Amino acid sequence: MKITQGTFSFLPDLTDAQIGKQIEYALEQGWAVSLEYTDDPHPRNTMWEMWGLPMFDLKDPAGALMELKECRKVHADAYIKLNAFDSTRGFETMRMSFIVHRPKEEARYRLEREEGPGRTIHYKLQRAWS
Amino acid sequence: MSGKIDLHALLAESGVSEVLDELDRELIGLVPVKTRIREIAALLVVDKARAELGVEGEKPSLHMCFTGNPGTGKTTVAMRMATLLHRLGYIRRGHLVAVTRDDLVGQYIGHTAPKTKEVLKRAMGGVLFIDEAYYLYRPENERDYGQEAIEILLQVMENQREDLVVIFAGYKNRMDTFFQSNPGLASRVAHHIDFPDYSVAELQAIAGIMVDGLGLKLSDAARETVGEYLRLRREQPHFANARSVRNAIDRARLRQARRLVQAGSVDADMLVTLEPEDFRASRVFAAADGPDGPKEAVC
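Here the protein sequences line up with chains A and B, keeping their order.
When we follow the numbering used here, the leftmost residue of the first sequence carries the number 711, and every step to the right adds one.
When we follow the numbering used here, the leftmost residue of the second sequence carries the number 1343, and every step to the right adds one.
Hints in this document: simulated from the structure, not taken from any laboratory.
Keep in mind that the hints are not guaranteed to be accurate.
So the derived label-pair ranges between C-beta atoms look like this [said to hold, decoys possible]:
id, chain 1, residue 1, chain 2, residue 2, range
1, A, Tyr819, B, Arg1392, 50 to 56 Å
2, A, Gln836, B, Arg1485, 48 to 54 Å
3, B, Thr1442, A, Arg818, 50 to 56 Å
4, A, Gln836, B, His1453, 41 to 47 Å
5, B, Ala1582, A, Asp767, 39 to 45 Å
6, B, Ala1393, A, Asp726, 21 to 27 Å
7, A, Leu721, B, Glu1474, 34 to 40 Å
8, A, Tyr819, B, Asp1444, 46 to 52 Å
9, A, Tyr819, B, Asn1501, 18 to 24 Å
10, B, Arg1576, A, Glu780, 24 to 30 Å
It should be emphasised that the depicted structure is a prediction, and the values quoted were computed from it without experimental measurement.
We put the CB at the ideal spot given by N, CA and C, even for glycine.
Here chain B stands alone, though its shape is the one from the complex (with noise of 0.2 Å):
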């Protein structure tokens, strides 16, 4: 051996670059997380080469948690991430088990800590996903289980730190408060990744992938309409980026096919086409209209 490590050859023999590459092609925008999966992928290759070499270090902890608005694609990054670990070998199975509180703390006295080894046997060789996490702490509520089953998730995550990773997510600010709160995780989680919202141009990119993905197109008039139909979405409350965006989607379908029903005959390219009406009926644009328009969320 030449005493050197070609470290790219190690990158594609694993198959992560296809994994970086694919999250660069499908997941619009979120730079900052795409440069911290990708600093994640670069230590842990470097920590592979330095192995080979015989310079056995400790495992670096990779506990996450992942902090931002709704729809920001928390959950589908921590599916990539599983993948993407497993690929590097840091995690032996690759998958993913996402909980919520409900599957975590039980509801009476000793119902917990079975439920949480539970699903933290679930999870070993993978990626442990915890949604919401900062409903596990409920300060307004001292006998509240959640304490419990966060003592067992920070025994398992100190202990066994090489048998699973766990990645907390949930809004900013709460998570701030919820780590606060609990000194103890927030020193065992190394990685905070914060997804920031997305621009009109970045969710309109992503409104065409899921379009894509339905097999329909939107027609050029109806494109510039999902533009706008962003844009006024935005300002309104109860907004959850590219979920928002899903559901839009989804509606947009159902008024399609009325239309679609209505019109009697149809060829090929009608059947796959949104045009601007479909976006149109949408009450968005009915609350943007005028100032007697209704007022209250829309969905």
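Next comes chain A alone, as it looks inside the complex (with noise of 0.2 Å):
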């Protein structure tokens, strides 16, 4: 099952040259992008490993083309994200985030039910490891 997560998800995969444009345009607001990975894209794990520090004072998105293609070859098992973050007071947060790789073979989930006390039903989502 196709993963999909943030900004863009319920659009297909971007391309490298759409990718490109969207860190352009990060670029012109003046937010620092960054690239994580991980390979537990489970929607509640907020901490994927950070590729780099976040690329501060990039004029052109090709610096941060370079390090994504980088990081791609080096981590081609796991999922990329690339994140812009505002450091505008009353901000202070990610204004884009997106999936920019994904591994050939996706993660898996299934839900869960679990009876609780008094009947009560507890949802999970489970990595269904093939």
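Mind docking these for me? Both chains are given alone in their own frames, and the hints should help you get the complex.
Okay, structure coming up:
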């Protein structure tokens, strides 16, 4: 199953040219671009590994794309996402974040039900290892 | 379409002529440099015209090497070059990132590559200006990390030619040895531009422009004194062309300020005029006057 997360999650995967355009937009807004990767794309996992430091002072998307290519080479079997951080007071958060690379074989999850006290039902998203 | 392309129109429309004219107006002397820049501009315009006709050629490599003594305008020209290449559509942003060895080379193993890459990423889309580039290579220390920085540079210069232009700068003879010991680098730098030293007349013109820029002026007598000063200063060690002129003017401003404060009351004209005595007090004259004068390097 295709895992979707973040901005543009309803669109097909962006091509590198489109990713470059998005980075360009983020840089125009003064946002700092960074890359993160993980092998655990559970929606509640917010702790992805950082690929280097956030790229401050970039003027052109070419630099970020260079890092992305490098990261893809090293972590071909991981999910990679690109974040754009807005440091403006009042925001101080990610303004854009989308998946830029996914492994050939995607992670699978299944929904599990568990009965709790008083016959309440708890749901759990469980990684299904093949 | 008539099948003919007006190159002059193309040149005018890109706004390149303005930059070239500005270069001619604001930079004194440097004839070989200006000629080469015009050649590069012409080449890019012709390439653009070819592209319009559908002839797709590979982009020319524009990595450059600026050699010349200190103060001959290497950094200034590099800055203009960035604007020029941007207007011609060769680079996408037109900013200049000026670095030296310290910004590229790390202090311990594994420190250099991220540092160099960081700088390269910042420079993408613009011009990377490496001042005193020969310091990157230290032949006396074979474990020096400079070599690593050079290798990363080389790789990016070759693979991402359309993303950035690298300009190396430094003294002529030391750059020559630097390129001899790094043949890979030499073959990837297509344009070697030598910045000649300025003549006294050119230095005088530069002084005029600098004084204008500060909102001051030279009295006629002071103009002559500056010429005399420059003739003497040129013969002394550590002469740094336009930079020495700037320093001389800065010191003259100090002396002028002291003179005005001592005078007590001033008028508008006195406030903006530099007089000969502001330059006369320099140690350059003292050294030239008598054989017993101070012999050490004068600044």
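(message) For each hint given before, does the structure comply? Return the numbers of the non-compliant ones in rising order.
(response) As far as the earlier hints go, 5, 7, 9, 10 are violated by this structure, in ascending order.
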